[in-house]
Amino acid sequence: MKVVLQNLTKKFASLDGAGEVIAVNDFNFEIPDGKLIGLLGPSGCGKSTTLNLISGLETATSGKIFFGEDDVTDLPPENRGVGLVFQSYALYPHMTVLQNIMFPLQNFKGKDRLSKEEMVARATEAAKLVQIEKLLNRKPAEMSGGQQQRVAIARALVKMPRVLLLDEPLSNLDARLRLQTREEIRRIQRETGITTVFVTHDQEEAMSISDMIVVMSAGVIQQIGRPQDVYDNPANLFVAKFLGTPAINVLEARVENGRLKIGEEDVMAVTGIADQEVYCGIRPEGFVLDENGPFSVKLRNVEVMGRDTSVVSTHPCSLSGDLRSIIPSESRGEAIDDDTVRFSLKPFKVRLFSKTTEEALPFEEGRL
Amino acid sequence: MIEQNNKKAWLYLLPAIIFLGIFMIYPLFDVFIYSLEEEYNFASQSSTGTGLFNFSYVLHDPYFIQALKNTFILVIITVPLSTGLALLISVGLNSITKLRDFLQTVFFLPYVTNTLAVGLVFMILFKKTAYSDGLINLLINAFGGSSIDFIDGPYWAKMMVLCIYTVWIVMPFKILILTSALASVNQDYYKAAKIDGTSKLRIFTKITLPMISPMIFYLIITGFIGAFKAYSDAVALFGTDLNAAGMNTIVGYIYDMLYGNSGGYPSYASAAALILFAIVLTITCINLLISGKNNAARG
Chain B
1 MKVVLQNLTK KFASLDGAGE VIAVNDFNFE IPDGKLIGLL GPSGCGKSTT LNLISGLETA
61 TSGKIFFGED DVTDLPPENR GVGLVFQSYA LYPHMTVLQN IMFPLQNFKG KDRLSKEEMV
121 ARATEAAKLV QIEKLLNRKP AEMSGGQQQR VAIARALVKM PRVLLLDEPL SNLDARLRLQ
181 TREEIRRIQR ETGITTVFVT HDQEEAMSIS DMIVVMSAGV IQQIGRPQDV YDNPANLFVA
241 KFLGTPAINV LEARVENGRL KIGEEDVMAV TGIADQEVYC GIRPEGFVLD ENGPFSVKLR
301 NVEVMGRDTS VVSTHPCSLS GDLRSIIPSE SRGEAIDDDT VRFSLKPFKV RLFSKTTEEA
361 LPFEEGRL
Chain A
1 MIEQNNKKAW LYLLPAIIFL GIFMIYPLFD VFIYSLEEEY NFASQSSTGT GLFNFSYVLH
61 DPYFIQALKN TFILVIITVP LSTGLALLIS VGLNSITKLR DFLQTVFFLP YVTNTLAVGL
121 VFMILFKKTA YSDGLINLLI NAFGGSSIDF IDGPYWAKMM VLCIYTVWIV MPFKILILTS
181 ALASVNQDYY KAAKIDGTSK LRIFTKITLP MISPMIFYLI ITGFIGAFKA YSDAVALFGT
241 DLNAAGMNTI VGYIYDMLYG NSGGYPSYAS AAALILFAIV LTITCINLLI SGKNNAARG
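Quick note, the sequences are listed as chains B and A, same order. The numbering of the first sequence is this note's numbering, which starts it at 1 and goes up by one. The numbering of the second sequence is this note's numbering, which starts it at 1 and goes up by one.
Since the hints were derived computationally from the structure, they do not count as laboratory data. It should be emphasised that the depicted structure is a prediction, and the values quoted were computed from it without experimental measurement. Just so you know, even glycine gets a beta-carbon here, dropped at the ideal spot from N, CA and C. Possibly wrong hints are sitting among the right ones.
[What the hints assert, rightly or not] Over the 10 Å line for every Cβ pair with chain A, so calculated as not near, a few chain B residues: (1) Ser43; (2) Ser55; (3) Ser62; (4) Glu78; (5) Asn79; (6) Val82; (7) Leu84; (8) Gln106; (9) Asn107; (10) Lys116; (11) Val120; (12) Gly146; (13) His201; (14) Gly258; (15) Gly272.
[What the hints assert, rightly or not] Below, simulated DSSO-like cross-link-like pairs (lysine-lysine); rule was C-alpha separation at most 27 Å, straight line: (16) Lys241/B x Lys35/B; (17) Lys241/B x Lys261/B; (18) Lys261/B x Lys346/B; (19) Lys111/B x Lys206/A; (20) Lys206/A x Lys139/B; (21) Lys64/B x Lys35/B; (22) Lys139/B x Lys191/A; (23) Lys64/B x Lys229/A; (24) Lys64/B x Lys139/B; (25) Lys206/A x Lys128/B; (26) Lys139/B x Lys194/A; (27) Lys8/A x Lys11/B; (28) Lys194/A x Lys109/B; (29) Lys127/A x Lys109/B; (30) Lys127/A x Lys69/A; (31) Lys194/A x Lys111/B; (32) Lys128/B x Lys194/A; (33) Lys194/A x Lys206/A; (34) Lys241/B x Lys298/B; (35) Lys2/B x Lys127/A; (36) Lys200/A x Lys109/B; (37) Lys134/B x Lys116/B; (38) Lys298/B x Lys261/B; (39) Lys98/A x Lys8/A; (40) Lys116/B x Lys128/B.
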């Protein structure tokens, strides 16, 4: 079931009652059938509101929502056929796992009504899908966070929703479990083929399992695309800064006659772009240790992380504090025992942004 | 270090322990002893014998039987009624946004109003005087009924007034507890239920009630204890001679035995007090047993 958002807007009265806050501002995008979409943004960017609009818990101020060809904009949540997994899981604490999973089925009325045996069968099937079939008689309090999460997913899936929505599904889990559970979510989504939207503020989480990510800020979509594409070609400075750990390094720079200059140093060739002052973003992995490299920095310290080495340094043109570069540990050599370290840059890891609009400036990469 | 802290802790507790010892624990033992001493006399500090005679006397005293009956009726009617009404009002309050704070304050007012002042209001509502039959009777007359004497009239009318009065007095606290219990239920449960198309009734019985059941049990237990200890409400409505009005309660009986017109019988009063204690203890144990089972089922 594809999901289409058309000019979707949601306004709230602001807390002081004086004006209104636009939580979701004129959204247009289409979620293809059977895909896993990550809604990504810092807190307060409107991503949970978007999810609530899709689920029907919030009603849109204007715009439309379609599930397939059906206009569901004015449908109440129970008639939309969505499954929602809450950040808090919202498992009913006084019911067993089986009772929790069966709860949505017991609401069916009229011709959809199921017999007790059918309900148990379907609940067990859903439990098997998330691999908790051995825990059916436990109470939520007797389970770990990861297990509770699975029960919540099973409960959302048991009524065979057209769309599955997950609100910060991993934020209550510890780091190890998070890794495991996100793979699990991916597997379940693949097995069921249900169009899934999940909300997260963790870019790594979104990038690792999504077919497509939607980066949001202050109620506005910044960029939509495949995770790698968005990472490699951020549409603007916000997206560039938001994706990637450690974060992208941002420096003051300028383009002069097809050359990129940072401070006094001429670091690389950039063609197809007019002369101007720019913000220059360099991914931490875009630095190559090079004794004769064009870009020099003052060394602050070196952090050894096993496989990689993180070189922390300062540069007068930096706008994001210390520069951070990640280099393979074996290439360290003697080059960084000095006070000054020289790098050459990987052109496709360097992005330029307009100083006025902060939009990305396309250019043709050239080596030196 | 811990040893030292222990000493300090006991030192801090000492004033309270001494105070409770003198005014609570010692009298408890005293009551127990009085109840077994026949015709104990405060003035001469003497008694005529030891035994269970006092209990036998109290249990055969028609005034005590009346007080026992009154108290039980009061408990059985007012505890479920006040808890149920409080639940309804709390759910109502919880589901509105406009006027909520205002109404919450209104519903809480009886809690901070003096019992005797409320008694006066009830007098105006119910009492027949030379000038007026009371507001309620005026209403009854308006609908074509004839006046009823609620304060000095038939037993059922007096009991009804006492029950209404008690419910009115105890409800604010229950509403306060239940509204905060309802407000503390995570809204996600309701959202999840809504997405699954759960009916309002099912949400209430399957989610809301189980979630706030510990608070409801707390209110029922304290409600029982409070109703068994009723006294001042009856005085506010029917005056101090409750035996004559036939509206005495167990606590009223105990008070009368000590200080009332028939006063000066500490032995009977002690025996009655112990009987009340036994009743309250039994009811509370039953309550705890039921709620314990309920909680065990909830896990």
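Here's how the hints hold up against the structure:
Non-interface status of Ser43/B relative to chain A is upheld: no Cβ of that chain comes within 10 Å, the nearest being about 17 Å off. For Ser55/B, the condition that its CB be more than 10 Å from all CB atoms of chain A is violated, with the nearest at approximately 6 Å. Distance to chain A confirms Ser62/B as a non-interface residue, since its nearest Cβ pair spans about 23 Å, more than 10 Å. In this structure Glu78/B is not separated from chain A by more than 10 Å, as the shortest Cβ-Cβ distance comes to only about 3 Å.
Residue placement check: Asn79/B does not keep its beta carbon more than 10 Å from all beta carbons of chain A (closest about 8 Å). For Val82/B, the requirement that its beta carbon stay farther than 10 Å from each beta carbon of chain A is not met, with the minimum near 6 Å. Against chain A, the non-interface label of Leu84/B is violated: not every CB pair exceeds 10 Å, the least being about 5 Å. Look at Gln106/B: its CB is around 8 Å from the nearest CB on chain A, not clear of 10 Å, so calling it non-interface is violated.
Annotated as non-interface, Asn107/B brings its C-beta within 10 Å of a C-beta of chain A; the closest such distance is 5 Å. Every beta carbon of chain A lies more than 10 Å from that of Lys116/B, the smallest distance being close to 16 Å; the non-interface claim holds. Listed as outside the interface, Val120/B is consistent with that label: its C-beta sits roughly 17 Å from the nearest C-beta of chain A, beyond the 10 Å cut-off. No Cβ of chain A comes within 10 Å of the Cβ of Gly146/B; the nearest lies about 18 Å off, and the non-interface call holds.
The non-interface label for His201/B is consistent with chain A: the shortest C-beta to C-beta separation is roughly 18 Å, beyond 10 Å. Here Gly258/B stays apart from chain A, with its beta-carbon at least about 56 Å from theirs, past the 10 Å limit. Distance check on Gly272/B: its Cβ is at least 50 Å (rounded) from any Cβ of chain A, clearing the 10 Å threshold; non-interface status holds. For the hint pairing Lys241/B with Lys35/B, the CA-to-CA distance comes to about 26 Å; that is within 27 Å, so the pair holds.
The straight-line distance between the Cα atoms of Lys241/B and Lys261/B is roughly 21 Å, inside the 27 Å bound, and the hint therefore holds. Restraint check for Lys261/B and Lys346/B: the C-alpha separation of about 15 Å stays at or below 27 Å, so the hint holds. The hinted pair formed by Lys111/B and Lys206/A meets the criterion: a straight-line CA distance of about 23 Å does not exceed 27 Å. Taking the CA atoms of Lys206/A and Lys139/B, the gap is about 15 Å. The hint holds against a cut of 27 Å.
Using a Cα cut-off of 27 Å, the hinted pair Lys64/B and Lys35/B holds, with the two alpha carbons roughly 20 Å apart. Proposed proximity of Lys139/B and Lys191/A is supported: the alpha carbons are some 20 Å apart, at most 27 Å. Distance check on the hinted pair: Lys64/B and Lys229/A sit about 62 Å apart at the alpha-carbon level, beyond 27 Å; violated. Using a Cα cut-off of 27 Å, the hinted pair Lys64/B and Lys139/B is violated, with the two alpha carbons roughly 40 Å apart.
Pair hint Lys206/A plus Lys128/B holds up; C-alpha atoms about 25 Å apart against a cutoff of 27 Å. Our distance criterion of 27 Å between C-alpha atoms is met by Lys139/B and Lys194/A, whose separation comes to about 22 Å. About 59 Å separates the Cα atoms of Lys8/A and Lys11/B, which puts this hinted pair outside 27 Å; it is violated. For the proposed pair Lys194/A and Lys109/B, the alpha carbon gap of about 15 Å is at most 27 Å, so the pair holds.
Straight-line distance between C-alpha atoms of Lys127/A and Lys109/B comes to about 54 Å, which puts the hinted pair past the 27 Å bound. Proposed proximity of Lys127/A and Lys69/A is supported: the alpha carbons are some 24 Å apart, at most 27 Å. Between Lys194/A and Lys111/B the alpha-carbon distance is near 20 Å, which keeps this suggested pair within the 27 Å criterion. At most 27 Å may separate the alpha-carbon atoms for a hinted pair to count; Lys128/B and Lys194/A meet this at roughly 25 Å.
For a cut-off of 27 Å, the pair hint linking Lys194/A to Lys206/A stands: about 13 Å separates their Cα positions. Proximity of Lys241/B to Lys298/B is assessed by CA-CA distance (about 23 Å); at most 27 Å being required, the pair is judged to hold. For the given pair, Lys2/B sits about 72 Å from Lys127/A by alpha-carbon distance, which is inconsistent with the 27 Å threshold. Between Lys200/A and Lys109/B the CA atoms are separated by roughly 14 Å; this keeps the pair inside 27 Å, and the hint holds.
In summary, the hint linking Lys134/B to Lys116/B is supported, as the alpha carbons are separated by about 20 Å, within the 27 Å threshold. For the hint pairing Lys298/B with Lys261/B, the CA-to-CA distance comes to about 17 Å; that is within 27 Å, so the pair holds. The hinted pair formed by Lys98/A and Lys8/A fails the criterion: a straight-line CA distance of about 52 Å is larger than 27 Å. As the CA atoms of Lys116/B and Lys128/B are separated by approximately 18 Å, the hinted pair is consistent with the 27 Å bound.
Comparing the model with each earlier hint shows violations of hints 2, 4, 5, 6, 7, 8, 9, 23, 24, 27, 29, 35, 39; every other hint is respected.
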